[in-house]
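S.K.: Given chain A, put chains B and C in place with the hints provided.
Each chain, letter by letter, is given below.
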Amino acid sequence: MQLQQLFSPSVQHTLDVVGIFVFAISGALLAVRKNFDVFGIAVLAEVTALGGGLFRDLVIGAVPPAAFTDLGYFLTPLLAALVVFFLHPHVERIQTGVLVFDAAGLGLFCVSGTTKAYSYGLNLTASATLGLATAVGGGVLRDVLANEVPSLLRWDRDLYAVPAIVGATMVVLCLHYAVLTPLTSGLAAVTAFVLRLLAMRFHWRAPRAWNRRSTVTEE
Amino acid sequence: MQLQQLFSPSVQHTLDVVGIFVFAISGALLAVRKNFDVFGIAVLAEVTALGGGLFRDLVIGAVPPAAFTDLGYFLTPLLAALVVFFLHPHVERIQTGVLVFDAAGLGLFCVSGTTKAYSYGLNLTASATLGLATAVGGGVLRDVLANEVPSLLRWDRDLYAVPAIVGATMVVLCLHYAVLTPLTSGLAAVTAFVLRLLAMRFHWRAPRAWNRRSTVTEE
Amino acid sequence: MQLQQLFSPSVQHTLDVVGIFVFAISGALLAVRKNFDVFGIAVLAEVTALGGGLFRDLVIGAVPPAAFTDLGYFLTPLLAALVVFFLHPHVERIQTGVLVFDAAGLGLFCVSGTTKAYSYGLNLTASATLGLATAVGGGVLRDVLANEVPSLLRWDRDLYAVPAIVGATMVVLCLHYAVLTPLTSGLAAVTAFVLRLLAMRFHWRAPRAWNRRSTVTEE
Numbered sequence: 001m002q003l004q005q006l007f008s009p010s011v012q013h014t015l016d017v018v019g020i021f022v023f024a025i026s027g028a029l030l031a032v033r034k035n036f037d038v039f040g041i042a043v044l045a046e047v048t049a050l051g052g053g054l055f056r057d058l059v060i061g062a063v064p065p066a067a068f069t070d071l072g073y074f075l076t077p078l079l080a081a082l083v084v085f086f087l088h089p090h091v092e093r094i095q096t097g098v099l100v101f102d103a104a105g106l107g108l109f110c111v112s113g114t115t116k117a118y119s120y121g122l123n124l125t126a127s128a129t130l131g132l133a134t135a136v137g138g139g140v141l142r143d144v145l146a147n148e149v150p151s152l153l154r155w156d157r158d159l160y161a162v163p164a165i166v167g168a169t170m171v172v173l174c175l176h177y178a179v180l181t182p183l184t185s186g187l188a189a190v191t192a193f194v195l196r197l198l199a200m201r202f203h204w205r206a207p208r209a210w211n212r213r214s215t216v217t218e219e
Numbered sequence: 001m002q003l004q005q006l007f008s009p010s011v012q013h014t015l016d017v018v019g020i021f022v023f024a025i026s027g028a029l030l031a032v033r034k035n036f037d038v039f040g041i042a043v044l045a046e047v048t049a050l051g052g053g054l055f056r057d058l059v060i061g062a063v064p065p066a067a068f069t070d071l072g073y074f075l076t077p078l079l080a081a082l083v084v085f086f087l088h089p090h091v092e093r094i095q096t097g098v099l100v101f102d103a104a105g106l107g108l109f110c111v112s113g114t115t116k117a118y119s120y121g122l123n124l125t126a127s128a129t130l131g132l133a134t135a136v137g138g139g140v141l142r143d144v145l146a147n148e149v150p151s152l153l154r155w156d157r158d159l160y161a162v163p164a165i166v167g168a169t170m171v172v173l174c175l176h177y178a179v180l181t182p183l184t185s186g187l188a189a190v191t192a193f194v195l196r197l198l199a200m201r202f203h204w205r206a207p208r209a210w211n212r213r214s215t216v217t218e219e
Numbered sequence: 001m002q003l004q005q006l007f008s009p010s011v012q013h014t015l016d017v018v019g020i021f022v023f024a025i026s027g028a029l030l031a032v033r034k035n036f037d038v039f040g041i042a043v044l045a046e047v048t049a050l051g052g053g054l055f056r057d058l059v060i061g062a063v064p065p066a067a068f069t070d071l072g073y074f075l076t077p078l079l080a081a082l083v084v085f086f087l088h089p090h091v092e093r094i095q096t097g098v099l100v101f102d103a104a105g106l107g108l109f110c111v112s113g114t115t116k117a118y119s120y121g122l123n124l125t126a127s128a129t130l131g132l133a134t135a136v137g138g139g140v141l142r143d144v145l146a147n148e149v150p151s152l153l154r155w156d157r158d159l160y161a162v163p164a165i166v167g168a169t170m171v172v173l174c175l176h177y178a179v180l181t182p183l184t185s186g187l188a189a190v191t192a193f194v195l196r197l198l199a200m201r202f203h204w205r206a207p208r209a210w211n212r213r214s215t216v217t218e219e
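These protein sequence lines map, in sequence, to chains A, B and C. With full-length UniProt numbering, the residue at position 188 of the first sequence is 188, and numbering never jumps. With full-length UniProt numbering, the residue at position 178 of the second sequence is 178, and numbering never jumps. With full-length UniProt numbering, the residue at position 34 of the third sequence is 34, and numbering never jumps.
You may find that some hints are simply not true.
Just so you know, same-sequence chains aren't split out, so a pair can sit in one copy or run between any two.
Unchecked claim - With a straight-line cut-off of 25 Å between C-alpha atoms, the simulated SDA-like cross-links for lysine to any residue are:
1) Lys-34 x Leu-152
2) Lys-34 x Phe-21
3) Lys-34 x Met-200
4) Lys-34 x Val-162
5) Lys-34 x Glu-148
6) Lys-34 x Ala-206
7) Lys-34 x Trp-210
8) Lys-34 x Phe-74
9) Lys-34 x Leu-75
It is worth saying that the hints were derived from the structure and are not from the lab.
Only chain A is shown next, with the shape it has when bound in the complex (with noise of 0.2 Å):
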């Protein structure tokens, strides 16, 4: 366990406040631009921003998860729902800085599931996979939630997950040499952001199936 006290306590819990908001940010706009009501905000939050780690809870056997247990993880999605309910207009006119601050959310998250999940014994690649499944299951259950193909699966949007597989890839790399340090976990986090910004800024993409157009029809 000693694993998860990569910064003081009261630092990572700082840090994972941050992320939490940013991503209830996203989850509570897309709330906004389906039409929901407010409690469909509140709860369109609350999921982006805790689905992700509450999956990994789930999975490692850490019940009740921490998004059950902690007051804090708890209200801060209430409130970035209670921001976007008031300040919506002014929210979206600053997208691009939420996009930021949700790749930030994105490098926190993918490196603190992967440390939880192999200081609850998982494998490293477990554990890797469970940090990436921290850092974007959330929005997944967004976009179900909200009826929407989740974003992660679209070809037409920019690398999203790739930025935190290497954030989690270099986090197992540490832990199996055993230099996982606050500051080889914080290097992985910022390799994770940058990567995604990079993404964002040069419209990077996965490729799809080969020959595809050659015998798929587009739907």
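M.R.: Just chains B and C now, kept in the frame of chain A:
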């Protein structure tokens, strides 16, 4: 665990089965409307009736969940599916009656869900949240499986979650002040029930985000 | 736990990996049809292949689930995703062959899922239900993520769940009468397999609700 015995076990079990039955009816009716076959009707009845409690049990670590250990809980939705399969035009005709029973289920489940979560050691906020999830979770899963936007989140539906939130909040207040008795929890369930009936009667709705029309395109 | 050793461990593991592979192929093919990128193909392959077993393991409290502890289970869907990524026109061409393998996966998973649930102490009904969920759950998750109505629930698809229900029921009957051996469980798997093949060959379908045309509008 004593907390769960608010009513005599047989009374509690009967109330649970009634709530499961009416939720299952709503799932089965949606399946008929979506043109599913008899198996799809049964699946949607099961998921709607047991999904909320299943989620709660996974979160609090009560495995295997009650949905899989109590044969009565499992068979009741199948009975509801059969009723809808053969009699659905009649069930549709008494749609208002079904909605009244569904409101009763909402009241019962938000109380029993909150109480069970608290008895597993969760804090008051988390208990109320899980009580809400118990009451509305099955309906959300029903809509996701039917590939529709969850009616819970739509602004153009009468208040559904708010009555459950009020009921769950009353339960945690009673727990906090150590005055949870069959009487007070019955009162909480009835309050949620009556609020839902009033919301349907007067079409109470929750507000959407401020100024949304000015900046967001309707979909 | 001895019950799980119906076959020698290596035989059982091989059968599991075969089932995982063919389910992953079906997920990857849907991802190509939905125009997902290579990452989306991999995710849908993983979810389709491992989702049913993951749900079963969470319900019976077998955490961390096998999907996260067995590296072979995790890597097999990635292999299937690669095959589809490069060769999908060829895989599409042998669609019938894929469906035959998928039917084999259905037979294998309903038997192994039922047996594992029973070995964790669930009653016979719950074990059969989880066997069914193991066999069909991945496909449901696949369709939900692809934002489609689960083909499992649609009336216009050949019977898929019923063969799995028959297989799972045979297993619990064998468990009840203490005659579950490699032979009888193999027989249950083959029965489910053959029933599914017959359902595809003769387009067997389940009935929809009685009198539905008279009162329900087609969507």
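S.K.: Each of the hints needs a verdict: does it hold here or not?
M.R.: Do the hints match the structure? See the list:
no. : hint             : verdict
1   : Lys-34 x Leu-152 : both (18 Å within a copy, 13 Å between copies)
2   : Lys-34 x Phe-21  : within (20 Å within a copy, 32 Å between copies)
3   : Lys-34 x Met-200 : both (24 Å within a copy, 23 Å between copies)
4   : Lys-34 x Val-162 : between (27 Å within a copy, 20 Å between copies)
5   : Lys-34 x Glu-148 : both (10 Å within a copy, 13 Å between copies)
6   : Lys-34 x Ala-206 : between (27 Å within a copy, 15 Å between copies)
7   : Lys-34 x Trp-210 : between (34 Å within a copy, 14 Å between copies)
8   : Lys-34 x Phe-74  : within (23 Å within a copy, 35 Å between copies)
9   : Lys-34 x Leu-75  : within (23 Å within a copy, 37 Å between copies)
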